[in-house]
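For reference, the chains in residue letters:
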Amino acid sequence: MKLSIWTVPYRTVKSVFSMIVLLTFASSSAFEGGDLGAFLVLMSFLGVFLAGSALWYYLVWKRYEYFVEDDSIRINQGVIQRKEREIPSRRIQNVDVRKNIVHRALGIARVDIETAGGGSTEASLRYVDEDDVDHIRKGLKEGEKVESEEERDYLYEISMQELSLLGVVSVNLQLLLVILGIFGTTATLGGMAMEDGMSAAIVLGFVVFATLVFAFVSSFVSSFTRFYGFRLWEEDGDLRYERGLLNRAEGTIPLEKVQNITVEENVLKRLTGYATLKIETAGYAGEKAIEQGSEAAIPLAKRSRIERFLKDFRGIEVPEINRVTHTAMRRYMGRYALLLGTLTLITTAAAARLSTPVIYGLFPLLFSPCIMTAAHLKWKHRGYALSDRIVTRNGFWNRSTIFTPYYRVQNLVETQTVLQRRWHLSSLTVDIAGSGMFSSTPRAVDMDTENLREFRDEIYRRFQDSL
Amino acid sequence: MRKPEPRVRIFWVALFSFIGFVLGLPLYLVLSDIPFSFVIPGIIGALMFYYAVRRYANWGFELRDDHLYIEHGVLKKVYSMVPYVRVQHVDTERGVIERMLGLSRVVVYTAGSRGSDVSIIALDPQDALDIQEKLRDLAIESEDRDAV
Chain A
1 MKLSIWTVPY RTVKSVFSMI VLLTFASSSA FEGGDLGAFL VLMSFLGVFL AGSALWYYLV
61 WKRYEYFVED DSIRINQGVI QRKEREIPSR RIQNVDVRKN IVHRALGIAR VDIETAGGGS
121 TEASLRYVDE DDVDHIRKGL KEGEKVESEE ERDYLYEISM QELSLLGVVS VNLQLLLVIL
181 GIFGTTATLG GMAMEDGMSA AIVLGFVVFA TLVFAFVSSF VSSFTRFYGF RLWEEDGDLR
241 YERGLLNRAE GTIPLEKVQN ITVEENVLKR LTGYATLKIE TAGYAGEKAI EQGSEAAIPL
301 AKRSRIERFL KDFRGIEVPE INRVTHTAMR RYMGRYALLL GTLTLITTAA AARLSTPVIY
361 GLFPLLFSPC IMTAAHLKWK HRGYALSDRI VTRNGFWNRS TIFTPYYRVQ NLVETQTVLQ
421 RRWHLSSLTV DIAGSGMFSS TPRAVDMDTE NLREFRDEIY RRFQDSL
Chain B
1 MRKPEPRVRI FWVALFSFIG FVLGLPLYLV LSDIPFSFVI PGIIGALMFY YAVRRYANWG
61 FELRDDHLYI EHGVLKKVYS MVPYVRVQHV DTERGVIERM LGLSRVVVYT AGSRGSDVSI
121 IALDPQDALD IQEKLRDLAI ESEDRDAV
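Chains A and B, in that order, give the protein sequences. Going by this note's numbering, the first sequence opens with residue 1, and the numbers climb by one from there. Going by this note's numbering, the second sequence opens with residue 1, and the numbers climb by one from there.
Certain hints may be false.
[To be verified] Restricting the straight-line Cα-Cα distance to at most 20 Å, the calculated cross-link-like pairs of lysine to aspartate or glutamate (DMTMM-like) are:
| no. | chain 1 | residue 1 | chain 2 | residue 2 |
| --- | --- | --- | --- | --- |
| 1 | B | LYS77 | A | GLU450 |
| 2 | B | LYS77 | A | GLU454 |
| 3 | B | LYS134 | B | GLU5 |
| 4 | B | LYS77 | A | ASP457 |
| 5 | B | LYS76 | A | GLU450 |
[Claimed, not checked] Quick partial rundown of chain B residues pointing at chain A, CB under 10 Å, derived from the structure:
| no. | residue |
| --- | --- |
| 6 | ARG9 |
| 7 | ALA46 |
| 8 | LEU47 |
| 9 | GLU71 |
| 10 | TYR79 |
| 11 | VAL118 |
These aren't lab readings, by the way, just hints derived from the structure by calculation. All of these numbers come straight from a predicted model, not from anything done at the bench. Glycine included, every Cβ here is placed at the ideal spot set by N, Cα and C.
Work out the full structure: start from the sequences and follow the hints.
Structure representation (structure tokens):
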């Protein structure tokens, strides 16, 4: 089978896009300057570039063939260097289909196939005709049964309320606070140095307000368009989803390849009683992983609904989470005290430079009481448990509770820094197959060393039993 | 607990002390007007000496019943358990320095994303080959799982 012929114009334009912009800009200024010669040179340069690209992508298209066979896909490609690849369906972790607005207009789509080995998407078909997508999907399935859209029993469809709320609660509060903190600090120091403190305060207020508005609006718009029409359903042993207002995306999560299931609740979500559910497989999610919610099975729903889903769908009961030892809090208090101290040093030095009374440079110390609260919160939202899964929980700003099946365990690594040793603490990393940087690794952090070793040994025992 | 070859101790001590001393020199130059600052390279050298000694002392590994156990580290101690069923393949490697010292290392690969930590360093080459073979024998692939 061949890729869509639209691939040629699309890829040509896409690759020379930046070149076009640059040259058009340069040539228009040459044109205005009356330098016709330069303009013609630039235009012809652009023309050559376009023609060359078009020719190249035509050749790429001509020499690209894929065959969907009995439980495998074969791809023969390459203009100068031929590459023949075969991927058995058995090895496929994810099949993702992506269409941006232009793709939709042209009736094409990008199909990404991921396996567990390697750090990049195994095969990326750019770009197939829409109608061929189903054919590829069916061919790669090991089963026979295919449901039509009407027959589907949706496990989850995002409601307008959830979609709107998603935009609001997805704001990265931590980042926002850091940015505001920086503004505040510089403004405070600057305002003290300046004569007109009043107008400085007004400007600061405006900047803060503008930042907040920008943050929320952009988060809202991005979440809304990304998750518009999100639907989740099960088809022949896979979890499938589709979403998107402008850019459409369809994904497959083969249930037997599921590694971790994560319940994510950032501060705002916790306040409103909502959460996000993410399901990870061992495939590398590539550039998609950086997009928000790339593996989101349920982008936003009430916590109770997600817990019910976990129970009904995967038989996971959320157990009582054990807290780590109180001693860990001392470690955090020390850490935050150090941070605050360093910050105070910087502000004091800056104040001295700006020849304001040094006493003003000590203002970060006003936040000292926060140290205890921060340490407590960090400790409070950390925990572990063992039920039919390994359960680990970390994070205050964005709390992740990760459920790991025992049989997915690869390595068990205990680490202990010099300072941890002082408090008789250690951390455990439950290493599983996954995309490393992008997937969350289950970790039990700052447990009492004895408890941690018992915990680890018990995990190991259950792991052996599960084999 | 098995240890790496003892002679690597000498190498580490020499290497780290030297690095420490060298790093201490610029610091000494910068702070040269402080009295007794000439001891700075010495102090840093001594610290690095201690680091190298502890590094060897903390290195250990065991081929246990159903998993490989490795511990190492000075500032951050790491204790790894690698079940044999999870071992994908095992390499022996010899870098330039290792060849000069007549040493080798064993690298154990699993599907774990953070499993890059799993190597046994500074082994006698024949030991390395023996361990590699033993690990290969012990690594069982389960039939219906894909070891992932």
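Status of each hint after checking the structure:
With a CA separation close to 15 Å, the supplied pair B/LYS77 and A/GLU450 stays within the 20 Å bound. For the suggested pair B/LYS77 and A/GLU454, the alpha carbons sit about 18 Å apart, so the restraint of at most 20 Å is met. Distance restraint check for B/LYS134 and B/GLU5: the Cα-Cα separation of roughly 19 Å lies within the 20 Å cut-off, and the hinted pair is therefore satisfied. At most 20 Å may separate the alpha-carbon atoms for a hinted pair to count; B/LYS77 and A/ASP457 meet this at roughly 18 Å.
Restraint check for B/LYS76 and A/GLU450: the C-alpha separation of about 18 Å stays at or below 20 Å, so the hint holds. A hinted interface residue such as B/ARG9 counts as satisfied when its beta carbon comes closer than 10 Å to some beta carbon of chain A; here the least separation is about 21 Å, so the hint is violated. Because the smallest distance between the Cβ of B/ALA46 and any Cβ of chain A comes to about 18 Å, over 10 Å, the interface hint for this residue is violated. The beta carbon of B/LEU47 is not positioned within 10 Å of any beta carbon in chain A (closest approach about 13 Å), and the interface hint is therefore violated.
Restraint check, B/GLU71 versus chain A: the minimum CB separation of about 9 Å is within 10 Å; hint holds. With a least beta-carbon distance of about 4 Å to chain A, the hint placing B/TYR79 at the interface is held under the 10 Å criterion. With a least beta-carbon distance of about 7 Å to chain A, the hint placing B/VAL118 at the interface is held under the 10 Å criterion.
Hints 6, 7, 8 from the earlier list are contradicted by this structure; the remaining hints agree with it.
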